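Colleague: Given only the sequences and the hints, what does the whole structure look like? Please build it.
If you're matching them up, the sequences are chains G and D in order.
If you're matching positions, the first sequence starts at 8 in our numbering and goes up one per residue.
If you're matching positions, the second sequence starts at 21 in our numbering and goes up one per residue.
Derived from the structure by calculation, the hints contain no laboratory data.
Pulled a few chain G residues facing chain D out of the computed Cβ check, cut under 10 Å:
id, residue
1, G61
2, V181
3, S189
4, G196
5, P394
6, H396
7, S412
8, G427
9, E454
10, P468
Computed from a predicted model, the values in this text were never measured in an experiment.
Glycine included, C-beta positions come from ideal geometry on N, C-alpha and C.
The lines below spell out each chain.
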Amino acid sequence: MELLDNLALGFSVALSLQNILYCFVGVLLGTLIGVLPGLGPIATIAMLLPITFGLPPVSALIMLAGIYYGAQYGGSTTAILINLPGESSSVVTAIDGHQMARQGRAGAALATAALGSFFAGTVATFLLALFAPPLADLALKFGPPEYFALMVLGLVASVTLASGSVVKALAMIVLGLLLGLSGQDIYTGVPRLTFEVDELADGFDFVALAMGMFGIGEIIRNLEDESQRSLVAAKVKSLMLTKDEFKQIIAPVLRGTILGSFLGILPGGGAMLSSFAAYSIEKKVSRTPMRFGRGAIEGVAGPESANNAGAQTSFIPMLTLGIPSNPVMALMIGALIIQGITPGPNVVTDKPDLFWGVIASMWIGNFMLVLLNLPLIGLWVRLLTVPYHVMYPAIIAFCCIGVYSVNNNTFDVYTMALFGVLGYALVKLDCEPAPLLLGFVIGPMLEEYLRRAMLISRGDPMVFITRPISATLLLLAAVALVMVLLPAVRKTREEAFKE
Amino acid sequence: MGFVRNPKDVISGLLFIALAVLFAWQSRELTIGTAMRMGPGYFPLLLSGLLGLFGLIVLVNGLRTPGEAPSGIVWRALILLTLSTLLFGFAMKPLGFLPALGASVFLSTLASRKFHLMTALIITAVMCVFCWAVFILGLGLPLPLLGPWLGGY
Numbered sequence: 008m009e010l011l012d013n014l015a016l017g018f019s020v021a022l023s024l025q026n027i028l029y030c031f032v033g034v035l036l037g038t039l040i041g042v043l044p045g046l047g048p049i050a051t052i053a054m055l056l057p058i059t060f061g062l063p064p065v066s067a068l069i070m071l072a073g074i075y076y077g078a079q080y081g082g083s084t085t086a087i088l089i090n091l092p093g094e095s096s097s098v099v100t101a102i103d104g105h106q107m108a109r110q111g112r113a114g115a116a117l118a119t120a121a122l123g124s125f126f127a128g129t130v131a132t133f134l135l136a137l138f139a140p141p142l143a144d145l146a147l148k149f150g151p152p153e154y155f156a157l158m159v160l161g162l163v164a165s166v167t168l169a170s171g172s173v174v175k176a177l178a179m180i181v182l183g184l185l186l187g188l189s190g191q192d193i194y195t196g197v198p199r200l201t202f203e204v205d206e207l208a209d210g211f212d213f214v215a216l217a218m219g220m221f222g223i224g225e226i227i228r229n230l231e232d233e234s235q236r237s238l239v240a241a242k243v244k245s246l247m248l249t250k251d252e253f254k255q256i257i258a259p260v261l262r263g264t265i266l267g268s269f270l271g272i273l274p275g276g277g278a279m280l281s282s283f284a285a286y287s288i289e290k291k292v293s294r295t296p297m298r299f300g301r302g303a304i305e306g307v308a309g310p311e312s313a314n315n316a317g318a319q320t321s322f323i324p325m326l327t328l329g330i331p332s333n334p335v336m337a338l339m340i341g342a343l344i345i346q347g348i349t350p351g352p353n354v355v356t357d358k359p360d361l362f363w364g365v366i367a368s369m370w371i372g373n374f375m376l377v378l379l380n381l382p383l384i385g386l387w388v389r390l391l392t393v394p395y396h397v398m399y400p401a402i403i404a405f406c407c408i409g410v411y412s413v414n415n416n417t418f419d420v421y422t423m424a425l426f427g428v429l430g431y432a433l434v435k436l437d438c439e440p441a442p443l444l445l446g447f448v449i450g451p452m453l454e455e456y457l458r459r460a461m462l463i464s465r466g467d468p469m470v471f472i473t474r475p476i477s478a479t480l481l482l483l484a485a486v487a488l489v490m491v492l493l494p495a496v497r498k499t500r501e502e503a504f505k506e
Numbered sequence: 021m022g023f024v025r026n027p028k029d030v031i032s033g034l035l036f037i038a039l040a041v042l043f044a045w046q047s048r049e050l051t052i053g054t055a056m057r058m059g060p061g062y063f064p065l066l067l068s069g070l071l072g073l074f075g076l077i078v079l080v081n082g083l084r085t086p087g088e089a090p091s092g093i094v095w096r097a098l099i100l101l102t103l104s105t106l107l108f109g110f111a112m113k114p115l116g117f118l119p120a121l122g123a124s125v126f127l128s129t130l131a132s133r134k135f136h137l138m139t140a141l142i143i144t145a146v147m148c149v150f151c152w153a154v155f156i157l158g159l160g161l162p163l164p165l166l167g168p169w170l171g172g173y
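Modeller: Okay, here's the thing in structure tokens:
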């Protein structure tokens, strides 16, 4: 069995002392930021990017991945105990989870979240191991037109699945693409879109942009409302599930896992969408939907499994095609590029230790999270009592040091300040910054594939339609776009995000 | 402004259009080339046009359908946090790591409405020690603790 050999290779990499350590640091940090509201995985990964430059690529990616799925765990803990979702993907967990906690079933809710997530994480890891290599093989046959079409589909899908205005999100993507083009033209070496600034000859710094928008901009926004949160933590008695409860969660966990795994692969999917979708499905299939919102254990089991499965499988398009399905994956691609690795189908064959090591580490990381989270709940809850006005100066300091240390360049610090202001302004205008980051990473690739495709076809744009794969992909993109713009679909979509 | 029905959309639309014009103006001297051999200016101009178009749609939407005005801006946080980031940049080369960090952290604590002098001083001191331990001792970043203006190197 080739799969077993590959997994064995993966575990031998992931189980080295150094990588176990980085995996542990990653999931611990992830849980921490998942617990703390106002500090998400995007900002944290951006802050830590500079630190990972010195690490071997495998260790860097293992740690960053740990932060992402660790955050899903941490977010659910505080959602259940104090009705304060630390992470956007655990917003729905708070609905029934916190009700359970108020009824004295906090332990059961936490155990459900942990078990569901662990099960989903295990399944998703296997799916990743199973489907990623064939997908990479397929991707190797892709020419420039297919890649271009795939990226267009990815960008369009990320818009249709996100919340908020579609046109604004499209505009944000295009703005991101433009910002990404800044710097030298790859073919002619001509500097362009540099605003006559010498320091921009290599384009905008990725770390500075990400930290400005998701670090500094986010802090400014959080300082708008400084009202004290009242913290009434529920007591955790027993973490054991009764036999009946265990039977109740089996089906929701399975459904959540399947749904999350599927949605995670889709561009624009990932943890948040999965948990929302899983909650509405559980409510629909339930024979007693009125229990939802009043402490239904299924309302915790489904979304928690789904968000973890989605977080894992969103690595599939990133690792096999080099295309990010969400902003966190865009950051991972940034990290790989800085390490000198071009993400794409070649990674599976050229760097099997990296590919399989990261996959194996996810399972190990999930296991660590179960062991780590349950006993440390008391500590996490106490962390929440740290007031925000004590916490944010530290984030500012880390951002400044982080962005400066990338190139020892003060210009990057100024860039970060600029993007902080821009990020805040855009959020105030209800323009989500996440699509911009996606566009920024994809911009140069998109242009390169477009130019190559047009060169091959001698300037005939029909090449995108005459080749079956690219035509299918573009058709899917067009359908997705038309769907969200149709009034009927638009209405249900708005309602779905309101829930 | 009676005809502005959704201020958020109108402002976003204008912002997108302005940025589109800015990027198009930036690409004015680049070779456009042909569809077969695209020059460096082809794709940026194409995208600028697209951004302008989306901006226009958002703008028109804002004039047609009603919506909320943006909530108040926290000028205090916006200005002070931007300044504290810039200050770190300005101070890093001449003054060195510790003074730049301390000044920047202290300035950033002023951004909160819950500012308290003692707490702010404690946060500043703790952050200086912590960052020195983590980044200089732990990770070995080659940053001078004190810059040339303060007798460092």
